[in-house]
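Colleague: What follows is the residue order along each chain.
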Amino acid sequence: MLNTAGTPVVEARDVTVTLGGRPVLRGNNLTVREGEFVALMGANGSGKSTLVRALTGLLPLTQGSVLLFGTAVGDFRARHRIGYVPQRGTAAGGVPANVREVVASGRLTRRGLLRPTSRADRAAIDDAIGVVGLSAKASDSVSTLSGGQQQRVLIARALAGEPDLFFLDEPAAGVDLPSQLALADALRILSERGASVVLVAHELGPLEPLVDRAVVMRGGRVAYDGPPLPQDDVHGHHHPGGPAHDHAPHVGSPFDTFQSQTREGGR
Amino acid sequence: MSPVELLDLLSRDFMQRALLAALFTGLAAPAIGTFLVQRRLALLGDGIGHVAVTGVALGLLTGTSPTWTAVVVAILGAVLIEVIREQGHTNGDVALALLFYGGLAGGVLITGLAGQGANKLQAYLFGSITSLSDADVWFTLALAVVILAVTLGLLPRLFAVASDPEFAKVAGLRVRFYNLLIAVLAAITVTVAMRTVGLLLVSALMIVPVATSQQMARSFRTTLAGAMAVGAVAAVGGLLIAASFPANTTVAPGPTIVLLALAMFAATWPVGVWLRRRSRLAEPFPILTDDSPDDHEVGHADGEHLHQHGDDCGHPAVEHGDHVDYVHDGHRHAPHGEHYDEH
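In order, the protein sequence lines correspond to chains A and B. Its first residue numbered 1, the first sequence is counted upward by one per residue in this note's numbering. Its first residue numbered 1001, the second sequence is counted upward by one per residue in this note's numbering.
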């Protein structure tokens, strides 16, 4: 839901991130309110993943501040309130691990040191596996699953801690269609349960109806923040037809074809 | 060697000490090795082993216990390797290689300066049954128990950090602390295993049992438990094999332990290949939304194929939505009335 009056769960002010001396994000402001579903969009390299990594505290800020639930991200201890799905192709490591084990590691935020899993922990883990539709595969090794199913395992892992705020970094990239639909279902269930979602996406696909608000990044800055846009407007590289404007006069020999005539809609 | 002689050997004090040390080493080394393989750092143990050679040599030079100097130098080396890896300087593995070779060369040089021959160092490089004192055995046992208690007690956290450090960091786990803990535990394991397997082969006892176990296992916990079982069998069995060679040979226990572990890997590998192939074949075909009746294709309309597919027809039966496909000569047959559809 679009929630202009709710309590802010993420408040980013003047966020600037420098990676290896290069300013990758410059002075970005972003507020996400309780229950909102925000899509962070933009071309590759526009800084959308970097912004999410800065919001979760993975990257240090050069300037500015990030508040999560009103607490500065560096001092934020209620980690069970946030769920993070990193951008990566696989959930498998060097050793086989089954779906339940990977998902259970998302429950650690709510488990004390050396404390065995309680009944509530197991119920939350089973529920998370069920929401992404992998109950039948709970004891399969993740390395035997398809890329899309592994992505769903990572989402279930973030769900297992029962957080109120989700950060998902390109969960639908390179995912097969059945998994994209299962992903959209899982996110819809989350959103209906009242969670706030920040989703990084290059393109939305089946997730489009869920999005309340789109934030478009360009060149390390927020370029647009408002209701979702049609896909074409987001990327905005599609050059309209019509006569190309030439900056240099044509010097054509009789058998030359002008480049502007042979090229169609090129960049 | 006759069975009587072997029994006689087993009743000796030094042999019982060695067996006890081998058993605990065989349990502890794969436990930490599982986390190294999970982090794709299978060669970390090897690097620490090379660095520890310098530690042993320092002990020989200064006349203090080589075990203690090896522990200190191995831990310093492991922390240094972890710091280099974490900082991700341009060429992490080249930096590690420099450290490995520096450790080995330094160790051999210092041993030479100490006036000790290669024989003295060899007991540490490839293991030695007879060199264990009572104190050494207690030392080995205590450290092995510490390693097992920490790895098994912190298993969920160590697993989370080893499989996805970024997720673990957002979840509020102290990733750097746990990574350093694994490196330090690996260093301690190296020095524990030094007396039985030897520094140059210690990494094999950490890694080969894990590789053996993961041929069959589908979960992290069973891999870990299986690796510990394989490690214990290999360490005790290899020690007995080394001891049962005739008295005029000098077989160190390290090579026999490692070769036995490798033999167990070689025995399970074909089973693992078969299991993985079978599970891939049984994987259901995805139901695509464009599986419309228009795609109705009848297989072998020319009647070339008269075989009746069924439960025991020998063709892999694979689920596909609400029916079963039979994989056959590179295509998929779905029974439909009198004929088979191609899916």
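These are calculated hints, taken from the structure and not from any lab test. Where is the CB? At the ideal position from N, CA and C, for every residue including glycine. Among these hints, one or two may not hold up.
Said to hold, decoys possible - Distance ranges between label pairs, derived from CB positions:
(1) B:L1262 x A:G20: 52 to 62 angstroms
(2) B:W1068 x A:Q63: 43 to 53 angstroms
(3) B:S1131 x A:A72: 24 to 34 angstroms
(4) B:A1135 x A:G20: 32 to 42 angstroms
(5) A:A72 x B:A1135: 31 to 41 angstroms
(6) A:G20 x B:V1083: 13 to 23 angstroms
(7) B:S1131 x A:P116: 46 to 56 angstroms
(8) B:V1083 x A:A72: 38 to 48 angstroms
(9) A:R115 x B:L1098: 38 to 48 angstroms
As the list claims (entries may be wrong) - Just a few of them, taken from the derived set where beta-carbon distance is under 10 angstroms, the chain A residues facing chain B:
(10) T18
(11) L19
(12) G21
(13) V95
(14) S118
(15) A120
(16) D140
(17) F167
(18) A223
(19) Y224
(20) P228
(21) L229
As the list claims (entries may be wrong) - Mimicking SDA-like on lysine to any residue, the simulated pairs with C-alpha atoms at most 20 angstroms apart in a straight line are:
(22) B:K1169 x A:K137
(23) B:K1120 x B:T1064
(24) A:K137 x B:R1280
(25) B:K1120 x B:L1109
(26) A:K137 x B:E1283
(27) B:K1169 x A:G147
(28) A:K137 x A:G147
Colleague: If a hint holds in the structure, say so; if it does not, say that too.
Modeller: Status of each hint after checking the structure:
no.	hint	in the structure
1	B:L1262 x A:G20: 52 to 62 angstroms	violated (43 angstroms)
2	B:W1068 x A:Q63: 43 to 53 angstroms	holds (49 angstroms)
3	B:S1131 x A:A72: 24 to 34 angstroms	violated (57 angstroms)
4	B:A1135 x A:G20: 32 to 42 angstroms	violated (51 angstroms)
5	A:A72 x B:A1135: 31 to 41 angstroms	violated (52 angstroms)
6	A:G20 x B:V1083: 13 to 23 angstroms	holds (19 angstroms)
7	B:S1131 x A:P116: 46 to 56 angstroms	violated (42 angstroms)
8	B:V1083 x A:A72: 38 to 48 angstroms	violated (28 angstroms)
9	A:R115 x B:L1098: 38 to 48 angstroms	holds (43 angstroms)
10	T18	violated (17 angstroms)
11	L19	violated (13 angstroms)
12	G21	violated (15 angstroms)
13	V95	holds (4 angstroms)
14	S118	violated (13 angstroms)
15	A120	violated (16 angstroms)
16	D140	holds (7 angstroms)
17	F167	holds (8 angstroms)
18	A223	violated (26 angstroms)
19	Y224	violated (27 angstroms)
20	P228	violated (24 angstroms)
21	L229	violated (26 angstroms)
22	B:K1169 x A:K137	violated (27 angstroms)
23	B:K1120 x B:T1064	holds (14 angstroms)
24	A:K137 x B:R1280	holds (14 angstroms)
25	B:K1120 x B:L1109	holds (13 angstroms)
26	A:K137 x B:E1283	holds (11 angstroms)
27	B:K1169 x A:G147	violated (23 angstroms)
28	A:K137 x A:G147	holds (14 angstroms)
In summary, the numbered hints that this structure violates are 1, 3, 4, 5, 7, 8, 10, 11, 12, 14, 15, 18, 19, 20, 21, 22 and 27.
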